[in-house]
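Chains as they are written, first to last, in our numbering: chain A, 8 to 237; chain B, 16 to 479.
Hint data in this document are derived by calculation from the structure and do not stem from the laboratory.
Where is the CB? At the ideal position from N, CA and C, for every residue including glycine.
Take the hints with a grain of salt, since some may be wrong.
To be verified - With the C-beta cut set under 10 angstroms, the calculated list includes, among others, these residues of chain A facing chain B:
id, residue
1, Leu18
2, Thr83
3, Val151
4, Glu219
To be verified - Listed next, the stretches of chain B that the computed footprint assigns to chain A, with coverage defined by at least 3 CB atoms under 8 angstroms from CB atoms of chain A:
id, segment
5, 34 to 40
6, 51 to 58
7, 133 to 147
8, 264 to 273
9, 336 to 350
10, 435 to 444
11, 457 to 470
As the list claims (entries may be wrong) - Residues of chain A placed beyond 12 angstroms of chain B at every Cβ, according to the derived structure:
id, residue
12, Phe15
13, Asn45
14, Gly66
15, His76
16, Asp80
17, Leu110
18, Glu167
19, Tyr178
20, Trp197
21, Ala198
22, Gly221
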Amino acid sequence: METGKSFFDTLEESIIVALLGGMTLLTFANVVARYGFNDNILWALELTVFMFAWMVLLGVSYCVKIGAHLGVDAVTNIVPRPIKKFMALIAVAACIIFTFLLLKGAWDYWANFANLPGTDGRWFPLGFEDKYRGKGWYEVESVVMPEVLQWMADIFNEGERYEKIPRLIPYAVMPLSMALLLFRFIQAAWALWTDKIDSLIVSHEAEDDVEEAGKLVKAAAEKFDREMSK
Amino acid sequence: MTVALLFAMIVTLMMIGVPIAVALGLSSTLFLLFFSDASLASVAQTLFSAFEGHFTLLAIPFFILASSFMSTGGVAKRIIRFSVACVGHFPGGLAIAGVFACMMFAALSGSSPATVVAVGSIVITAMREEGYTKDFAAGVICTAGTLGILIPPSIVMVVYAAATDVSVGRMFLAGVIPGLLAGSMLMTAIYITARVKKLPKGEWKGWAEILSSGREAGWGLFLMVIIMVGIYGIPGVTGAIFTPTEAAAVASVYAFLIASFVYRDMGPLAARDGRGRISLLRKPVAILSAFWHEDTRRTLFDAGKLTITLMFIIANALILKHVLTEQQIPQQIAGSMLNAGFSAVVFLIVVNVILLIGGQFMEPSGLIVIVAPLVFPVAIELGIDPIHLGIIMVVNMEIGMITPPVGLNLFVTSGVAGMPMMRVVRAALPWLGILFIFLIMVTYIPFISTALPNAVMGPELILK
Chain A
8 METGKSFFDT LEESIIVALL GGMTLLTFAN VVARYGFNDN ILWALELTVF MFAWMVLLGV
68 SYCVKIGAHL GVDAVTNIVP RPIKKFMALI AVAACIIFTF LLLKGAWDYW ANFANLPGTD
128 GRWFPLGFED KYRGKGWYEV ESVVMPEVLQ WMADIFNEGE RYEKIPRLIP YAVMPLSMAL
188 LLFRFIQAAW ALWTDKIDSL IVSHEAEDDV EEAGKLVKAA AEKFDREMSK
Chain B
16 MTVALLFAMI VTLMMIGVPI AVALGLSSTL FLLFFSDASL ASVAQTLFSA FEGHFTLLAI
76 PFFILASSFM STGGVAKRII RFSVACVGHF PGGLAIAGVF ACMMFAALSG SSPATVVAVG
136 SIVITAMREE GYTKDFAAGV ICTAGTLGIL IPPSIVMVVY AAATDVSVGR MFLAGVIPGL
196 LAGSMLMTAI YITARVKKLP KGEWKGWAEI LSSGREAGWG LFLMVIIMVG IYGIPGVTGA
256 IFTPTEAAAV ASVYAFLIAS FVYRDMGPLA ARDGRGRISL LRKPVAILSA FWHEDTRRTL
316 FDAGKLTITL MFIIANALIL KHVLTEQQIP QQIAGSMLNA GFSAVVFLIV VNVILLIGGQ
376 FMEPSGLIVI VAPLVFPVAI ELGIDPIHLG IIMVVNMEIG MITPPVGLNL FVTSGVAGMP
436 MMRVVRAALP WLGILFIFLI MVTYIPFIST ALPNAVMGPE LILK
């Protein structure tokens with residue numbers, strides 16, 4: 008990809024691209040299979056759903072990094088700069104609190120599926136729970152377990168082979184993505200504090216294109232005016 | 016009372032610049048922690064259920080992807096050429112063509128700001144050169160651009176269908192007549208203005224130009240046919256061929272093939288570095304290399320980015336919906352509204368006002384997820400058709416986008432046309448008036464929305 012992007016930028020973008028491209032082709036292939044070969048790829052829908060979830064959840068943190076999240080800038084754009092910065096810092100604090108809570112929630116949700124303990128405490132993790140029931144045996148509905156992953160059976164299923172992939176695999180994206188998101192929000196907080204960026208949000212999805220289109224229209228108008236005044 | 020607090024917190028957080036998604040999610044999570052015994056794990060589960068539990072929402076990334084492939088490069092240009100050939104010779108022809116082009120572009124893309132940017136940047140310039148005032152040009156395009164979310168396929172409609180469990184297919188069909196009606200009303204108004212003000216008209220270039228430009232634009236417009244025929248089948252010949260999600264995925268693949276191999280605006284065959292477009296016959300390897308070409312990746316990434324930001328909002332709005340349902344808020348609102356003796360007419364006015372205010376600030380999809388479950392039970396009690404309610408909501412969002420002070424399309428147009436915000440507001444005002452008349456018509460004549468879906472898919476079962 009373009010220069011000026013770090014290894015991680017390229018990596019994160021490639022993950023988004025691969026997942027979206029993959030889910031499109033998979034859904035398309037399923038249609039072709041149904042009409043072309045009178046067959047259904049049974050696991051296609053469920054796998055597409057998991058790819059969708061992975062793309063969005065992993066992508067959320069990258070969108071923080073590039074400042075692509077949608078928000079309302081009507082107020083923050085008319086207040087003086089110091090107040091704007093103050094508001095942005097409170098905003099990012101709210102984001103960090105939210106992500107922290109979700110990270111705890113995501114861990115608690117996922118942990119039992121991986122035979123790991125969830126955390127105690129309602130708001131704040133106060134250590135791991137002593138008693139819990141592992142759910143490592145719990146499989147998804149239709150995605151078949153690939154042979155290369157069967158080693159997981161020894162660890163999570165007392166050696167009993169998985170027929171379908173265990174739920175701990177697709178759900179792993181929850182704690183993973185929330186940890187990443189927390190990290191990105193903390194980075195954004197630092198960037199706000201040091202004035203590297205001045206806002207967390209954009210007001211609509213076409214913001215970059217607007218500027219470009221505005222320049223085009225302006226250039227055309229100037230050219231036209233020059234010709235008229237000749 | 017506590018719920019009022021919840022909404023106050025959401026609004027406050029949004030105003031200080033918290034991303035919409037986080038404002039919704041944080042407020043709901045805190046509310047759950049304070050006022051119920053739900054665990055954080057259940058919040059995380061709700062967030063994940065946006066993907067796992069709502070198959071309808073899976074159509075969103077594919078619709079976004081199809082429109083991204085279709086809006087790279089020259090599709091807007093081809094559509095504009097076609098619409099100028101069709102209607103350019105009427106008085107006010109270029110302006111009418113602009114509206115017509117917005118309608119067609121709207122059918123390819125699901126987003127209003129994107130429509131304004133793509134069509135506006137070309138048409139506003141062309142209109143100035145033909146002697147229209149900049150204000151007239153900007154006002155027309157700003158308003159016509161809002162049709163993006165009304166004419167199917169529309170992402171906002173997919174979200175409404177997911178939030179209220181109605182059929183996406185019905186919603187899309189329901190949007191067709193209102194979309195055409197709104198477009199015709201705008202075009203008629205322009206025609207009358209043009210007659211009165213003696214605005215310039217273009218020349219009639221003949222049927223040959225219509226045919227040749229139509230053939231060019233046709234490749235893109237065929238996308239609509241794939242989606243509509245795919246979802247509904249050909250009446251009398253086949254039933255539905257795809258689910259809406261599959262139709263969107265097939266449309267994405269089609270759009271990719273057209274953009275890379277027919278239009279060649281992107282990918283390995285595109286014109287660049289001063290040389291023209293390459294024929295596939297001269298570079299057959301492109302059949303494979305197009306799949307991982309830089310342009311393809313860029314488009315996939317842009318579509319992915321938009322999907323991610325929208326879905327994050329929707330997923331968090333679902334947490335809020337979870338809170339509201341758990342607290343039985345929709346039932347309470349329904350109860351108090353029915354006790355107060357609200358009639359359907361008054362109720363719809365209330366819905367209109369709520370959405371017009373909300374639409375000022377908020378991204379339409381997120382707003383729908385929040386408001387739809389709140390008003391849906393009341394609407395059913397009052398005997399309002401769910402599909403009709405959906406169309407009313409979409410039209411309200413449209414108007415919210417061009418209502419001062421902070422409608423989204425106003426900002427976008429002001430950026431594209433290089434005009435101060437207040438001037439765009441004044442320029443769009445007369446057209447806003449027309450959309451208001453349209454809103455009143457759509458609100459009180461349910462027939463406009465429900466006729467087509469009922470005719471094609473049969474009358475609807477409403478489960479209370």
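Practice task
Identify every previously stated hint that the structure contradicts and give their numbers, smallest first.
Solution key: 1, 3, 9, 10, 11, 14, 15, 16, 17, 19, 22
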